[in-house]
Every structure is written in structure tokens, then in C-alpha cells.
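K.L.:
One-letter residues, chain by chain:
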Amino acid sequence: MESIGSTSRSVAEHAGQIGGLLGASFLSLVRWKVSRKEILNQVYVMGVQSVPIVLVTAVLAGIVTSQQGGYQFTGTIPLYVMGSIVVESVVLELGPVLTAVVLVGRVGARITAELGTMKVSEQIDAFHSLGRDPIAILAAPRIVAGVLVVPVLTALAILVGIYSGLVSANLTLGLGAESFFYGARLYWHSWDLVYSLTKALAFGFAIPLISVHMGFRTQGGAAGVGRTTTASVMFMTLTVLILDALFPPLLLQ
Amino acid sequence: MIRYRQIHKAFEEPVLAGVDLVVHEGEMFGLFGPSGTGKSVLLKTTLGLIIPDRGDVLLNGESVFHGDPGALDRVRRKVGYVFQHAALFDSLSVFENVGMGLPEREIRRMPRQEAAKRIWEALEIVNLDPRLVLSKLPAELSGGMKKRVGIARAIVGRPDILLWDEPTTGLDPVNTAAVERLISRLSRELEVTSMIVTHDIEGGLLMCNRVAMLTAGQLRFCGTPDEFRASQDPVVQSFAGRAGAEAALDNQLNVV
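Protein sequence lines, in the order shown, are assigned to chains A and B.
Heads up: the first sequence at position 110 corresponds to 110 in my numbering, and the numbers run straight through without jumps.
Heads up: the second sequence at position 25 corresponds to 25 in my numbering, and the numbers run straight through without jumps.
The shape of chain A in the complex, shown without the other chains:
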């Protein structure tokens, strides 16, 4: 009972702090206190620098989907259905979720560790003491950049995942591009792409928001930075998976 109470308190505390961070970030954006240069810098760090790992993940996701689909369905259903399986899997699930999970590790962990180190070395206090707002300088640009780059990275991952699935289906199953896209078109709904990019937008918002929040909460020197970064990665991964589970009943009915 006591443990449930303490967990509830902790969840309420996190929720309150995240709400405060969100409100303050929004205010700093509305008041034009956020540097456009810093947003562009974060777009480069979070977006451009993440392209290689996102593309590698997407290529592998496309190949694996295509090969496992081929293994399961060859001889039981027409091969062109593979086109639909690959496209729908990559668009609806693998593109946005794998991109988000990769970004949790590459971007989220980095933000928490960076801000956590700034917190324990009193750099955040230094911003306050100099009359500067660390939320406008550190938090808001990262949240804006996340919202901007994650849908773009997801769209890239979808394109590359589908292409790699097509190539893999062609090489292993002998399925031609025409048949692949014929199958894909049979079950295609344009809404699926909207659904996928909306999910990516939600992930792009949640990852920097949680990582910044956890960074600002860091205490206890280098060990504290390690602990908080680990907790942050767990927190972000769970949030991505929970959001992923919430989207179908909300947008796919």
C-alpha cells in the first residue's frame, strides 16, 4: 500500500513538473524568447546527425519484414500480398516506432546526460543567476526541434524501409516491383500515412520533453547523471510504447 502511494506521488510529481516545463516552454516560444539559431542547431544535431542510424534501422526493418513474411506466407497466399504486408507494417508501425526507439537512445539519452551534467555542475543555476531563462535557452529549442525532425525522419524511414523490403522480396522471393506495388495498393488507405506521421509527431514531442525534464531533475554528481539517464531512457521507451498502443483505438477505428 505504501509502495503504491509513493509511486502515485512520484507519478504526480513528474506529471506536474512536465506540465510546468511544457507551459514555460510554450510561454517562451510565444514571447519570442527562443533563439532561432539554437532551434536550427538542434535540428541539425537531432535530425541531420540521426539520418544514418535511422536509415540503417529502416533498411533492416524492411528486409526482416519482407523475409519473415515470405517465410510465413509462401505457398499459402498470393505472393503479391507481400507488398501490402511490407508497406502497411513499415508505414503503420515499424517506421514511426523504430525511428522513435532509435531516437530515444541517440537523442533522448544525450539530452538528459547533457542537461543533467549542466545541472550537477551548477550551469543551470548559473543561467538563473545571470537572469537568463534556461527553459528558453535549453528546453524549448529541443522540443521544437523534436517536433520538426521526427516526422521527417519517420517519412524517410518509411520510404527507405519500403524500398529495402521491395528489393529483399525481389531477391529472396522473386517478387517483381509491379506485383509488390499491386499488392500494396490493394490494402492501402491514405489515412495510414496521416496516422503514421501523427504518431511520429507525438513521439517527437514526447522524447525531448521527457529527456529535458529528466535532465533538469538530475542530482548527485556523475553517478546521478548515470542514474537519471538510465531512468530517462526507460521512461521515454515506455512512453513511446504506451503512445503507440493508444493510437489505434484513437485514430484507426
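Possibly wrong hints are sitting among the right ones.
[Said to hold, decoys possible] Estimated spans, in silico, between C-beta atoms of each pair: (1) A/Ser3 with B/Ala216: 32 to 38 Å; (2) B/Arg3 with A/Gly105: 49 to 55 Å; (3) A/Gly23 with B/Arg3: 30 to 36 Å; (4) A/Ile242 with B/Val174: 53 to 59 Å.
[To be verified] Only pairs whose alpha carbons sit at most 27 Å apart, straight line, appear in this in silico DSS-like list of lysine-lysine: (5) B/Lys78 with A/Lys33; (6) B/Lys117 with A/Lys119; (7) A/Lys37 with A/Lys119; (8) B/Lys117 with B/Lys78; (9) A/Lys37 with B/Lys117; (10) B/Lys117 with B/Lys136; (11) B/Lys136 with A/Lys37; (12) A/Lys119 with A/Lys33; (13) B/Lys136 with A/Lys119; (14) B/Lys78 with A/Lys119.
FYI, nobody ran anything at the bench for these hints, they're computed from the structure.
In this text, all values refer to a predicted model and were calculated from it rather than measured experimentally.
Ideal Cβ positions, reconstructed from N, Cα and C, are used throughout, including at glycine.
Following the hints, put chain B in place on chain A, whose structure we already have.
P.N.:
For chain B alone, coordinates are given in the frame of chain A:
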């Protein structure tokens, strides 16, 4: 003038338990005490970096915690804070770090050359050669240089009050003496009110007009350096003696 009124602060346990203290205008005030007695916590309440559970701080008569919503911003513009480990921004050059000390509103109106001149002057005041350090990152500086850049950042905004949080911690005896001379000179030349938290009792007694000692979250002593030396309070005597011995041992180890 800084006035602390009945400052109470507890984290898991009480740290400050009703501290009343006045630092007069133009004074160089030293705050001593064993580790964990709340010296840095008290210093941080001055700027609202830590918010007390009860009590208030008044800077030149203006309440930090019970004033209007803009009080904290106004207070922060009047005060320069020198952090224990300099707290320089890792990703910014020395030029940008010191530039962060210029008030945001002034920067918008200030020509770029004027801002550069102020940064250059601040670095010269702390005995750093701007040509050598301006473009360097904090990671490329020695411990003593980082402290000086931290001091330059605190003074570039021309504050009325300077707060020093253990400015000589982690320095060798040569750098400690140099930084202490710098603190004395700056407080005199800039005509600011200074409050310094330090473990270096001998250095503190030489620099300060008045000193105080915190133990168990309360003020144990407040008076002139001569009164501190002559105090018959066994706790003050014991702390002064032990701290002196530790400082001597530190010096020996550093020399070795």
C-alpha cells in the same frame, strides 16, 4: 545591503533554522562553518537559486521572495555570483561565457563593439590576457583560469553586490593567494558589497571587514575578524583551530 530574515530551509533534514543576518553596503563579509551547515544554501537564497521554506531576503530594501513578480529579475541584475567550480557553460567560448554576464536588455541596445569591449575589460580586470583566452572553450582552461573567467562573467554586468561561493576550493596555494588578492582588489575597486563563503579561514579573516560562523543551521558567531580570533566560544575556537590545521596540511600536500 543584504538582509536575511528568519531563513528556514530543510531538504531531508533541516539545513537552515532561522538565520538572521545583515551585510552592510560596501562591506566584505565572510561566512565560515563546517561542511553541510548551510553556508552555500544561504548564499543561494540571496538570488532565489534556492527558495527558503520560510523567511525572506531583502536586497537594498527590496524583498526577493515576497515582492512583485519582477523582483527576482531585478535582484539578479544587481548581483554577480561566482560559483564554487566556476560553472562555465561547456559549449560556449570564453567570450560567449563572459558575454552571458551582460544583462539581456542591455545587450539588445548595445553596439556589438561595446559588448566586446566590456568583455575584454572584464577579462583584463581578472588578469587574463583576452587575446589568449577569448576563443577558448572552458575545457581548454586550467582550474585557476576557469575561476577567473567565472569572476569576469560575474563582474561584466557591473553588479552592486558580489557573492562568492568558495572561490578558492580546488586551487593550489599559489592560485588561492592570487584569487584572494583578486577578490580583495575587486571588492575595493568596484565598490561593491561582497559576501564570501569560504573554508579558508585565514584568507577570509584577512580579506573581510566582518565574518560570521554557521553551525547546525544557525548563526554561532558574527563580528569582526579580531573578535573572531579572540572569541572564547569553544565551538568557534575548535573550528578555527581545526580549519587552520587542515589548511596547513592542504598547503603541505599541495607543495609536495
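K.L.:
Could you work out which of the previously given hints the structure breaks and list their numbers from low to high?
P.N.:
Checked against the structure, the only hint that fails is number 6, while the rest are satisfied.
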